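Undergrad: The lines below spell out each chain.
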Amino acid sequence: MVVDEVPTEVVDAVFRALADSTRRDILRRCAADQPSVSRLARAYPMSFAAVQKHVAMLERAGLVVKVRRGREQLVHTDAAAVERARQALNDLAATWLGRVERMSDVLATEATK
Amino acid sequence: MTITSVETDYDSLTVTLIADFDHPIDQVWELWSDPRKLERWWGPPGYPATVEKHALTPGGEVTYSMIGPEGDQHRGMWRVTSVDPPTSLQFTDTFADSYGAPLEDAPVSEISIRLLEHDGGTRMVLRMTFETREDMKRIADLGTIEGLRQGVGQMDGLLAP
Numbered sequence: 001m002v003v004d005e006v007p008t009e010v011v012d013a014v015f016r017a018l019a020d021s022t023r024r025d026i027l028r029r030c031a032a033d034q035p036s037v038s039r040l041a042r043a044y045p046m047s048f049a050a051v052q053k054h055v056a057m058l059e060r061a062g063l064v065v066k067v068r069r070g071r072e073q074l075v076h077t078d079a080a081a082v083e084r085a086r087q088a089l090n091d092l093a094a095t096w097l098g099r100v101e102r103m104s105d106v107l108a109t110e111a112t113k
Numbered sequence: 001m002t003i004t005s006v007e008t009d010y011d012s013l014t015v016t017l018i019a020d021f022d023h024p025i026d027q028v029w030e031l032w033s034d035p036r037k038l039e040r041w042w043g044p045p046g047y048p049a050t051v052e053k054h055a056l057t058p059g060g061e062v063t064y065s066m067i068g069p070e071g072d073q074h075r076g077m078w079r080v081t082s083v084d085p086p087t088s089l090q091f092t093d094t095f096a097d098s099y100g101a102p103l104e105d106a107p108v109s110e111i112s113i114r115l116l117e118h119d120g121g122t123r124m125v126l127r128m129t130f131e132t133r134e135d136m137k138r139i140a141d142l143g144t145i146e147g148l149r150q151g152v153g154q155m156d157g158l159l160a161p
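Protein chains in written order, with our numbering: chain A, 1 to 113; chain B, 1 to 161.
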């Protein structure tokens, strides 16, 4: 595994939050716009409480932030957090690029033996 | 050796890396199947690795430790899913505690390797993805994230001085 990487608990919470199509849809809507929880809830064929639960999970993963405006709670996607999920993948790629380079070095020393 | 391509797919959260070696397939396979060779390339610079258990059989385990520049120890393990020498190997890789048991909350990556003869040498196709302990199967449907990524790119453009 990678030694220097995004903290493991962040990766885990983010990936768990992303493993659901409703939550991914919420992320998309809240990146383009900043809807209230009640407006979001009207967009899905499920109860207000269920949508609120999804938002709470995204919030715990740090993928959305809630802003209070008057009586409403507005939900907005945190682009930096989505970026961190990307980063975890980039780190994995970088780790393996390094490994493949070193594999090549091992093969080169074999050949000169 | 040539890195032919590195593709990062943010939708399926998969990285695919293709590398071409001038060496025959058996020699490339030995990089994986011989623990003494494996430990020469596994750890990043400054983190020499020692491979302990090395059972390349379905359900088998490979355990390793790496010592960092501060004397810090990092342990990890693979669990082998399938193996077919000298052409394919699949395993999951995760962090382990000081006894070598997998850590509960650490992310797990799934690695699949395929070796094939190519242009008198060997082509290695590496596929890797994350697996969380929970429901990761549905993560393939990540069309949204690609959209978000573009959004983030545009934001970067706006923020640039």
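Source of the hints: derived by calculation from the structure; they are not laboratory data. The structure presented is a predicted model; accordingly, all values stated were derived computationally and were not measured. Errors might be hidden in some of the hints.
Output of the computed footprint for chain A on chain B, the stretches with three or more beta carbons under 8 Å from beta carbons of chain A [unchecked claim]:
| no. | region |
| --- | --- |
| 1 | 25 to 32 |
| 2 | 51 to 61 |
| 3 | 117 to 130 |
Heads up, the beta-carbon is just placed ideally off N, CA and C, and yes, glycines get one too.
Undergrad: Each hint should be assessed against the structure and marked as holding or not.
TA: Hints, one by one, checked against the model:
no.	hint	result
1	25 to 32	holds (count 3)
2	51 to 61	violated (count 0)
3	117 to 130	holds (count 4)
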